[in-house]
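Chemist: Given next are the chains, with one letter for each unit.
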Amino acid sequence: MTGADLIAFFKKQPIAVLGGLVVLLCVLDLYFRADARAETQTQFEAKEKELQIVDSNIRNGAALAEQTAAMQEAGRQFEARLIRASQLAVNLQVFYRLEAETGVKLLDVQQSAIAAPPRNAPIKLYSPIPYSVSVQGAFDQVFDFVRRLETGPQFARFKQVTFIKATAGGENTSADGMIVNFTLEFLGTP
Amino acid sequence: MLLQLKKRDSASTAAPVWHPNFRNFERLPDTKVVRTTFFINAASLAIAITLAGVTGWVEYQSHVLVQQTEGAQAAIDTQKKQNAENLRLTKLFADEEKKFAEATTFVRTPITTSAMILELGATLPPEIQIEYVDLRPHDETNPSCIVRGKAAGTKDQASGAASAYVETLRSHPVFKDRFESVNLTALNADPRAGVMVFEIVMQFKTPAKGGKKS
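The listed protein sequences derive, respectively, from chains Z and Y.
One rule links them: number in my numbering = place in the first sequence (from 1) + 332.
One rule links them: number in my numbering = place in the second sequence (from 1) + 27.
Hint data in this document are derived by calculation from the structure and do not stem from the laboratory.
Warning: the hint list may mix true and false statements.
Capping the alpha-carbon separation at 25 Å, the derived lysine-lysine pairs in PhoX-like fashion look like this [as the list claims (entries may be wrong)]:
#1 Z:Lys456 x Y:Lys125
#2 Z:Lys381 x Y:Lys108
#3 Y:Lys108 x Z:Lys456
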């Protein structure tokens, strides 16, 4: 088919040829701009999601400044309750003060080294500082001692507690009647 | 005669009459009631209009999406500063929260020592005397509580009392929730004191992964 034939065909069927050209252009547009349109759709969805997050952040953060300030203040109080392993004398004062307040006899108190965290364990902000303590006294006294440690300002955790009733003539002879040995951990920093 | 006529007719239909055809069909006018060109034009126009409509609609939607994306970006830009500040505050908040979460995890225990002693005291029958309690709630290999004591009475009465005490511990609501098993592991006569000495081992429940302890 030569150019003259094409011109002749166009002259004979101008509407059909124009229609065909329109169809061709439309098909080309639909085919070649499909990726661009998909990209536009993706960009829109991403932006819309980002906007939703931003809106949500703004909406939910109405009182965030005050809440964060309160949290930071609580955090400061929290930090004050932590034990510093390096401050041995200050730490042992906790037990000596309780001894004086409860009337127990503090037989032994030792601060041990901080154990290395197990491998692959999640990173912790603080370390448990272990203590081995032995006290003697009447049941009410030693019970009070233990309870004060549990509910005291320090974050305490009893790893092992042994209550032994002191028996006359026995190894744990005591007029007060009870010996308590325990391994305790305070939450703190090295 | 008729037979001969029939034969002649059939011979004439078998051989078509030959004549030259000089008609140029392309130049001849379309004499149909509705011209073929009309159908061709109508069909091509219909297809073109439909496809142009579809393409236009798709392009319009794409244009609207671009506009909406720009609008969203403008809104994000407007709130960018406030959002950044909120994110900074959120990080500070989360950092502080981590401290409390760690402390909460640290002090979490199946039962506090004082509560354990109080509950043991509350469940103690008159014929039983506890002399030794070894509580290890955080022992990773064997979280348990060992209770040793004396049961008064004749051997029969004392063993019955010890056994009943174990049942009491097993069914106690506080212990039932926290201990997997409560077993009498030793029951021996102490001839010097004239009592039966016993040992009860209470095994803590292993907490489910990620589960909460009370």
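Chemist: Now look at each hint and say whether the structure bears it out.
Modeler: To see whether the hints hold, each was checked on the structure:
no.: 1; hint: Z:Lys456 x Y:Lys125; in the structure: 9 Å, holds
no.: 2; hint: Z:Lys381 x Y:Lys108; in the structure: 18 Å, holds
no.: 3; hint: Y:Lys108 x Z:Lys456; in the structure: 32 Å, violated
In summary, the one numbered hint that this structure violates is 3.
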